[in-house]
Amino acid sequence: MLRKSKRLWGDQAALKSSYDAVIIGGGLHGLAAAYFLARDHGIKNVAVIEKRFLGFGGSGRNTAIVRANQRTQQNVPLYKEALELWPILTKELDYNLMFFNCGNLNLMHSEAAMNTARMNVATAQFHGVESHLIDAKQCKELVPALNISKDITYPIFGAMYHPPGGILRHDAIVWGLAKGAAKHGVHLHQQTEVTGIGVENGKIVSVETDKGRIKTPRVLNAAGGYSAALSYQMLGIKLPISVLTIQAMVTQPLKPILDHVVSSGTYHAYANQTLKGEIATGAHMDAWPNYTTQTTAYYIKHQAEALSEMLPCLRGVKFMRHWGGLADMTPDMAPIMDGNNLIEGYYMDCGWGYFGFKSCAATGKYMAQFISSGNCPEMLKPFNLSRFEQNRLMGETAALVNYTPDN
Amino acid sequence: MKRLENLPTLRIHPEKTLRFEYRKKKLKGLSGDTLASALYANGIRIFSRSLKYHRPRGLYSLDGESSNTCMQVNGIPNVCTETTLLADGMQLEPQNISGSPEWDMKGFMDNLDWAMPAGFYYRSMHKPARIWPIALKQVRKAAGLGKISPDFQMPGRYDEIYPTADVCVIGGGPAGMSAALAAAEQGLRVILLEIRPWLGGFFDYRTADNGNGTSLAQSARQMAQQVEQNASVRVFTHTTVVGVYNNNLVTAFQKGRDGDSFEERYLEIRATSVVVASGCIERPLLFDNNERPGVMQIGCAQRLAHTYGLLPGKQAVFSIGHDLGLEAAVDLSDLGLAVACVADIREDGQDPVLLAALKERDIPFLRGWVATRAQGSKTLNKVTLATKTGTLTKEFACDLLVASAGMTPLTGPLSLAQAKLAYEPYTGFFIPKQLPDKVQVAGRMLGLNSPASIEASGQLAGVIAAADCGKSVEGRLQEARAQLNQLPGPDQGCKLVTAPVQGRKTFICFDEDTTIKNVKQALEMGFDATELIKRFTAAGTGPGQAGIPGHNLPLFVAQYHGDTQATAMPTTMRAPLVGTFIATYAGSNHDMCKRTPVHESQKNAGGIIRRIGVWERARYFSEDLSCREEIENVRQNVGLLDASTLGKFRLWGPDALKALQRVYVSDMSKIADGKVRYSAMCNDDGCIIDDGVVVKKAENDYYFTTSTARAGATVEWLRYHTRYDGWRFHMVNLTDAFGVINMAGPNARKVLGKVTDADVSDAAFPYAGYREFMIQDTIPVRSMRLGFVGELSFELHVPSSYMQTLWDILLDAGKAFGIRHFGLEAQNVLRMEKAHLIIGSESEQRTTLHDVGLGFLWDRNKSDAKTVGAVALKQTENQEDRLKLVGFKMEDPSRTPKDGSLIVDSRIRGHVCIARHSFTLKEPVGLALVDAPLAAEGTRLQIYEDECNGQHLHATVVPTPFYDPEGKQLKM
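If you read the protein sequences in the order shown, they are chains G and E. Heads up: the first sequence at position 160 corresponds to 160 in this note's numbering, and the numbers run straight through without jumps. Heads up: the second sequence at position 180 corresponds to 180 in this note's numbering, and the numbers run straight through without jumps.
FYI, nobody ran anything at the bench for these hints, they're computed from the structure.
Beta-carbon label-pair distances, calculated as ranges:
hint, chain 1, residue 1, chain 2, residue 2, range
1, E, A115, G, E130, 31 to 41 Å
2, E, L477, G, E208, 45 to 55 Å
3, E, Q153, G, I237, 48 to 58 Å
4, G, T292, E, L477, 30 to 40 Å
5, E, R860, G, P377, 31 to 41 Å
6, E, F919, G, E130, 33 to 43 Å
7, G, S17, E, W727, 53 to 63 Å
Cross-link-like lysine-lysine pairs, in silico, BS3-like; alpha carbons within 25 Å at most:
hint, chain 1, residue 1, chain 2, residue 2
8, E, K52, G, K276
9, E, K520, G, K6
10, E, K141, G, K255
11, G, K91, E, K137
12, E, K420, G, K51
13, E, K594, G, K150
14, E, K127, G, K91
15, E, K137, G, K255
16, E, K603, G, K150
17, G, K276, E, K520
18, G, K137, E, K898
19, E, K127, G, K6
20, G, K276, E, K141
Note that the structure is a prediction, hence the values are computed from the model and not measured. The C-beta atom is built at its ideal place from N, Cα and C for all residues, glycine as well.
Working from the sequences, and respecting the hints, build out all of it.
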């Protein structure tokens, strides 16, 4: 171990004046797309342009929960594939992504909520994804710390239990994909800012950066929270995306106490224990659009109040770190994956809100297929941008969501 | 250990002994002791074992910058023994030990560091894949510090307060106190927050002269008295600032002491101006085994002696880079500590008075030397000193090494206030060049060391804060500035980053056992930004909140990159700056729910209450959750439902109608006098978001209801959608001002007739009519004839204060007619039999007005610009492949499908919104949202329930309503 450690994603290459594809955003989606482009489609002359450092945005700020118990049949297969990819990617990248297949419990606090959850459970089962509706007593058996007494604000009626879900180490995936992409020849340019996108005759021709101009016929916008602004400012394409801060926090590390991801939409709280022993917890987005990533006193207090009721033993545990990230929310809480139509060679993988982590690997795989062929794969077709023009929302959320200034 | 006596600085009370247990052993401490000082007094030197390598760890600082001295106290994990006061009967257990702190079975891990380079877990344990689940269990077990039991209950009361102040001063040292007094002098209300149980900061334990013949400790106590006696200054001691947010919102928590009504309380302080005078901690000196028990920082050694009366060792070596180290060497030597040698990293710049004092005491002084290695397998017994290049070395036997590279400003509050830190080359501090608006800074964190300068900087900050608050302070400001300018400025900081070592056992982060070797490995692997190194090596991510590595890590990274200007920035500070109990943040944790005026009487009548949104409502009135009796009683006699949670609004003014036209899909100009109008609101996607009724009470004066869930959002919805129009109208949310009773059933008129003189006959008050009349000549009611549950019904809106009385009157009058309560579930079934929808049950976010079959409400002749959602309604009207709401009956009537079941063929085609066994129709019926091609009457639906193992149920699409399709029951 006295020898020098090897660079994980190779030596820093100089920015070339031309690439076959330029990916904007060195987060999970951008890196995954780059990796699969280079590995599966022979497009190896690829640059990933990252303004800050790899994993600076949502990739390093989410709480790394994965699951495939979404509401609609358009979403479940994609997330299912993503879930199945973690062990495969661990092996392929030769990088331990630390997949902790602990299972997820989504708590329900009324009879009506149990019925709503049944639709998700049935949808999962219909697609061969394990998911069950369990009662409060079964919840308590799985999570002994849970408070199933009747005298809390929202007594627990049961839960949607989804054994195949779990958590990963988000940074490991960023680094593993970076390593894999670099191995296949992708150039990773950190501290490089995209300042413009060149279009001629309706076709992508170049990407301007603060380090120089890149000629390219293909651009993928995978800039996460900044993707809508980028799309509008550089190409004039307005996306129906509201950007909101979403906050999360961790407690000091503890010996194992929580063996599952526990979440509650009603309490606006989820909690899981990372492999470091911290209880990672967070939930709802701020109620107003903003780009700040600043945290609020209200939020951490709310979280403490919710956990005090759901998992009361945690009252004796200390919060340690509270941070914010950006969620780029579409009106139907499903992403926009589209491209090569408004402008030839321009691809979008955005509007992932706070759920971009769960599917990043599978998405990267299909986006790479999309970018290399120019044709949208079946799996991604439902996520087209035009659904919003046609008032055909996807139904990934049942309830009305209010995150635009109109409410 | 015998305590030092008669020191004027002591904060312990030798007359009051406290008993506690450590590892089940009964020990004694003194009142005023922290857990750490009490343990130290009992000879405990090893407080814990480190996370990864199980290295022995002991007292290093006294302000909780690392987790080394955290213990399990009374079942609570990770209690910082350095900052927690001892209380009688406490039970302490050390953490992360296998065996005992002295003999730890995992101590061998320390020799396996070669197998655990930076990020080793990402590169191991996954090949072959099957070992990962096993390794994972071990990883989980090894990680984490304290343990908590799943049935642990946090004892005691946790409180919260929300004070406001003109000026909030963070830090009760000399600078903070000076600032508080200077601001108070200007007639301002000041809040002063101090983390320790007393005011005084760096002065509190020092006997050095303040320049006027008084000791620093003495002058701090005098100033503290002044502050405490100042009526304009509210002092919170033992109060830790944990957050600073937008617009100077400061959050903190205070630990309760004897006699307080709380264990801890959460503070949220809104201040006009904030003065940050949080002072400094010490920058850890990096050398081999720099965290061996026996190695401690200057303040730790000095405070052990002066605050707690504990001489920290017998034979000491000092390796320091700041005058405070020289002062401490002189001071502790005077208290009886043998000082073998003082090595100062600095070549020059020492205070000559202190050098003379060392000489006077024959303490050897080495200029430009530094500790390179601490020795001793468990606790310190020898130190190697070397020149900064490592060419010359000396060894000294000792049991105490006072080691410190210099000062580190506590800039946490500034960072949280969005100040951008920058490297200041003279002091070597990362400190903001520019302060955020209405945030001031004072004291030692500016690099000042002279007591007079520190106080003067505090005064200046206090005066500027007064200016922030709008006080005119010109003269005073100039004076304060001039005074500070005359005094010594900042001290030059010591620049040494690491002693000349390889760094394999040089710990840059104690919590995570990160060595500088690990940091080098990360750098070599391409993790060049400090933030990435933190994530990769975990340095600074432990409970010490980066107190130990915070300053050294960016300096080391800069040095590695050969960057003398230290452009490597510290990692981002995050709230809470100090670990804070979830119990403390939760505070008193009220459940703020709403109850209707007849909540109690419904409960007494056997109502089973459920929390629904913000409301508590009666869902059932018996243990029979099918609600058969409640339902049949409404169909046969008469029932009473508390519908008070409905949103209720008055909208009036010259442009009131325009506003209604904007948000409702129907033509609201057609509301006839004395009639109710049922309509719906859509969003811009044409999706139905609300339904309700509107009545025209007078010209330009409307009263309307919304669904319960929508009540809170309605005023804003109307305001938002009329924001550019400049229309004149007013809105009042009357939801809580009015209660609503829905009296429904064939006998409803008979009951009502008994209690009012008004003519409520069908002729005088027909279906869909609206009337206002008096009940028993006293209670004014607004009554609507509606038919949600499908029977003759009167909805009575009454001022909330009359609600209970009216409720009782109706129950009494209805006795002869079989009146009974019915709850939400009964209503749910009753309205389903009529196929009346509930927003959110039969509609979802994506369903348009057309989809749920209410397209007839939309008046297409209103111009598009007028109605929210009209454009989308037009576009989606004939769109294919949308969902449609349909009614269905089961092929096998013995089986009711569960709500939420799917409608499938080879893929999912819809879902069951609601299905119930209908007692009225004597068979199950239900409503489903299905793909439009499946909506035709007679279509066979395949129902897929959860856990059905491929066994489908079958249903047929039928026309709705199921019950009383002609509506005869409503119109009787």
